[in-house]
Amino acid sequence: MFPTMADVVRVVAADDPLRALFSPAGELTAEGRSRLGLDAAALRELYRNMVLIRRADQEALNLQRQGELGLWGQYLGQEAIHVGAMTALRTTDWVFPSYREFGMAMIRGVDPADMLTMFRGLSHGPWDPRKYHFAPLAIPVATQVPHAVGFALGCRLKHSDEVVLSTFGDGATSEGDWHEAMNFAGVFKAPVVFLCQNNGWAISVPLSKQTAGSIADRASGYGFPGIRIDGNDVLGVYAAVMAAADRARQGEGPYLIEAVTYRMGAHTSSDDPTRYRTESELEAWNAKDPIARYRAWLEQQGIIDERTVAAIADAAESAAQAMRARLTAMPAPPPGEAIFGRVYSNPPESFLREREEFESSLEGS
Amino acid sequence: MADQTFRLPDLGEGLTEAQLVAWRVEEGGRVDVNTPLCEVETAKAVVVIPSPWAGTIHKLHARPGESVAVGEPLVTITPVEATQAEATPGTLVGYGPGAPESGIRRKARSAPAATESSSDVRAAPFVRQLAKDMGVDLAQLTGSGPGGRITRADVEAAASSPAATAPAATDGERRISVVGIRKAIARQMLRSVSTIPQFTEFAVFDATNLMAAREEGKASGRSMTPLPYFIAAVVKAVRAFPLMNSSWDESRDEIIVKQPVNVGIAVNTSQGLLVPVLRDAEQLQLTAIAEKSAQLIEGARAGTLPPNQMSGGTITVTNVGASGPVETGTPIINPPECCVVAFGAIKPRPMVVQGEVVARSGAWISISVDHRIVDGALATEFLTALVTELESISA
Chain A
5 MFPTMADVVR VVAADDPLRA LFSPAGELTA EGRSRLGLDA AALRELYRNM
55 VLIRRADQEA LNLQRQGELG LWGQYLGQEA IHVGAMTALR TTDWVFPSYR
105 EFGMAMIRGV DPADMLTMFR GLSHGPWDPR KYHFAPLAIP VATQVPHAVG
155 FALGCRLKHS DEVVLSTFGD GATSEGDWHE AMNFAGVFKA PVVFLCQNNG
205 WAISVPLSKQ TAGSIADRAS GYGFPGIRID GNDVLGVYAA VMAAADRARQ
255 GEGPYLIEAV TYRMGAHTSS DDPTRYRTES ELEAWNAKDP IARYRAWLEQ
305 QGIIDERTVA AIADAAESAA QAMRARLTAM PAPPPGEAIF GRVYSNPPES
355 FLREREEFES SLEGS
Chain B
2 MADQTFRLPD LGEGLTEAQL VAWRVEEGGR VDVNTPLCEV ETAKAVVVIP
52 SPWAGTIHKL HARPGESVAV GEPLVTITPV EATQAEATPG TLVGYGPGAP
102 ESGIRRKARS APAATESSSD VRAAPFVRQL AKDMGVDLAQ LTGSGPGGRI
152 TRADVEAAAS SPAATAPAAT DGERRISVVG IRKAIARQML RSVSTIPQFT
202 EFAVFDATNL MAAREEGKAS GRSMTPLPYF IAAVVKAVRA FPLMNSSWDE
252 SRDEIIVKQP VNVGIAVNTS QGLLVPVLRD AEQLQLTAIA EKSAQLIEGA
302 RAGTLPPNQM SGGTITVTNV GASGPVETGT PIINPPECCV VAFGAIKPRP
352 MVVQGEVVAR SGAWISISVD HRIVDGALAT EFLTALVTEL ESISA
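Chains as they are written, first to last, in the working numbering: chain A, 5 to 369; chain B, 2 to 396.
Calculated from the structure, these hints are not laboratory results. It is possible that part of the hints are untrue.
[Unchecked claim] Facing chain A, from chain B, some residues (calculated, C-beta under 7 Å):
#1 PRO10
#2 GLY13
#3 GLU14
#4 LYS45
#5 ALA46
#6 ILE50
#7 LYS293
#8 GLN296
[What the hints assert, rightly or not] Computed far set for chain A versus chain B, every beta-carbon distance over 10 Å:
#9 PRO7
#10 ARG69
#11 GLY71
#12 GLU72
#13 LEU75
#14 THR96
#15 PHE188
#16 ASP250
#17 ALA270
#18 LEU286
#19 LEU302
#20 ARG328
#21 PRO351
#22 PHE362
For every residue, glycine included, the Cβ atom is placed at its ideal position computed from N, Cα and C.
With the sequences and hints as input, model every part of the structure.
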């Protein structure tokens with residue numbers, strides 16, 4: 005009458021184009037690598053983008069320590085996921101990020117100084133989501149996941165070929181919103197790729213306290229495939245997101261990618277990870293650094309040399325300095341505009357009076 | 002180009018202060034943008050602060066171990082010409098670089114005690130904050146806004162009339178802002194008396210042998226204060242009674258007995274009472290104790306000790322003064338320790354020796370102990386052992 009769980013797992017596995025690309029341990033196979041279709045310039049670009057977003061991340065932390073930003077959440081160590089996923093998508097595909105996806109937005113073309121205004125108290129939403137097909141950063145955990153699914157269903161109803169990337173962390177997978185979204189996506193075959201950046205820690209909660217099972221395996225419970233891959237391999241992430249997005253584009257429904265990585269920095273600038281995790285854990289992951297590792301492979305393949313590496317580092321340095329200069333020169337918007345400006349398209353009279361009263365009360369300050 | 006002063010920003014969403022751990026630069030040194038300046042420890046984390054400007058360090062405004070309030074000067078830098086444009090303060094978050102007057106109001110730390118005594122007050126949240134910052138009691142004001150609402154102008158007018166500011170210093174009262182070491186002492190002492198049920202015992206010991214040993218040392222060129230003898234005796238007594246070197250673990254109702262004997266030495270400094278810690282004292286000979294404790298005391302007075310040399314004690318020694326009329330006192334335990342030992346001044350006093358009253362050198366000792374860990378009988382045994390140690394000192 006009803007299919008058993010074993011039936012579901014079998015059917016789902018048969019419908020999984022990613023299995024052929026990855027080893028059971030989640031490593032991109034030689035076969036998978038041969039099907040990437042990236043030329044030397046594209047391979048160098050992946051490296052360049054990882055270096056650029058890492059340097060911007062470091063500069064943002066510096067700015068926070070100098071009192072120029074209220075808060076910063078580093079993505080140090082997770083650059084392969086940011087760059088691999090964004091490179092695999094079309095620029096028309098939508099992204100619904102959590103709060104650590106600054107690097108993804110940079111690659112989509114959002115000006116990094118504009119983005120930082122959000123952490124400087126100058127703006128609530130620094131970019132136009134419709135222009136960049138990049139939704140606002142979601143600070144509450146997992147709220148963006150149902151948004152992504154709903155938007156993906158909308159894309160299907162419009163018969164557009166856009167697919168949606170929903171990114172979240174391991175902590176989000178414990179939220180009710182996440183489960184509701186996964187279920188809905190499975191039932192309605194929404195064109196969405198769920199990308200879990202499993203970085204091992206939800207603030208101070210380790211993965212072992214987050215889930216007793218496997219995040220990737222949960223997908224079959226919702227009737228679609230999932231895979232756990234090495235999240236520090238930019239080519240693996242690229243291949244996985246590309247295949248899952250193509251599958252979604254063809255109307256085959258959602259896919260869950262669990263990209264295993266590590267949050268090398270603190271949860272945010274307000275956090276001290278030395279209080280809850282060990283130096284040896286950090287060292288072990290440092291040895292798997294996505295940028296160093298990819299650079300070694302590129303050198304071995306003869307795709308990059310020292311001069312290019314140095315030129316990319318210089319470019320990243322200049323970009324970081326330009327970001328700092330542009331950000332610190334930005335004027336503050338009038339406070340009335342920040343609070344009242346985007347509430348009503350046709351503000352009622354009482355609301356305008358309130359704004360006037362507020363603004364006159366600030367005069368002379 | 003004028004000097005730029007970098008004020009301590011709020012490093013972690015709502016912090017009010019940070020303790021300076023160490024400088025990584027010195028006055029006169031050159032820095033670039035993002036050169037690490039110092040490490041500070043907040044209630045949340047130890048963080049490195051990178052320089053916001055390129056230039057020469059003109060002045061460091063705090064010493065290691067000191068607390069710096071958010072918004073207070075941390076370092077003054079003479080910028081290189083090239084950074085002139087960059088150093089122009091923009092919109093600032095958390096009192097970062099530049100002048101705090103440039104748009105964001107500094108928190109008024111001098112008058113924090115103004116209260117809203119009435120919940121009937123009608124005022125917008127920012128007006129309430131303003132009143133709090135300016136030390137104005139909203140309940141005393143009549144609002145000029147719609148429906149009697151108190152406006153910004155009302156608060157400012159009230160603040161400029163001296164009668165309304167609170168808390169007013171009246172009739173010879175003076176208010177002293179408490180920050181840094183004073184605040185740390187206050188917290189630590191409150192924690193002691195509010196969490197540790199402690200009692201005190203007193204004894205007098207005969208210091209004849211101790212003074213003779215000192216004289217002998219002096220004759221052979223080793224001048225020594227009584228302190229090293231006190232510390233050595235305390236360490237020996239502690240080894241006989243390890244419970245005196247322990248902590249009560251409130252979260253588990255367990256006693257943690259410490260292996261190393263790390264002796265905190267209470268030092269009166271111009272900044273207040275500091276307690277540098279002599280680590281692993283059980284492994285040190287008397288001369289090493291003398292040398293190291295002298296260094297610690299000197300460092301504490303000069304303000305050059307890093308915080309890690311002023312923490313981690315397992316027992317503390319203090320004194321009530323080497324001269325003057327005061328004989329003893331009731332010391333307060335330095336949490337989370339179990340015991341504090343206070344020594345009085347050694348001076349000639351009448352003692353009964355073999356039935357005769359004679360003048361001999363002696364001093365008071367008092368110990369305060371954590372009664373959760375140690376009962377009176379054990380405290381008495383410990384104090385007796387300590388007296389025996391001190392009286393049997395040989396040169």
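To see whether the hints hold, each was checked on the structure:
no.	hint	result
1	PRO10	holds (3 Å)
2	GLY13	holds (4 Å)
3	GLU14	holds (5 Å)
4	LYS45	holds (5 Å)
5	ALA46	holds (3 Å)
6	ILE50	holds (5 Å)
7	LYS293	violated (28 Å)
8	GLN296	violated (29 Å)
9	PRO7	holds (49 Å)
10	ARG69	violated (5 Å)
11	GLY71	violated (2 Å)
12	GLU72	violated (5 Å)
13	LEU75	violated (6 Å)
14	THR96	holds (35 Å)
15	PHE188	holds (34 Å)
16	ASP250	holds (42 Å)
17	ALA270	violated (7 Å)
18	LEU286	holds (15 Å)
19	LEU302	holds (28 Å)
20	ARG328	violated (8 Å)
21	PRO351	holds (19 Å)
22	PHE362	violated (8 Å)
Checked against the numbered hints listed earlier, the structure breaks hints 7, 8, 10, 11, 12, 13, 17, 20, 22; every other hint is satisfied.
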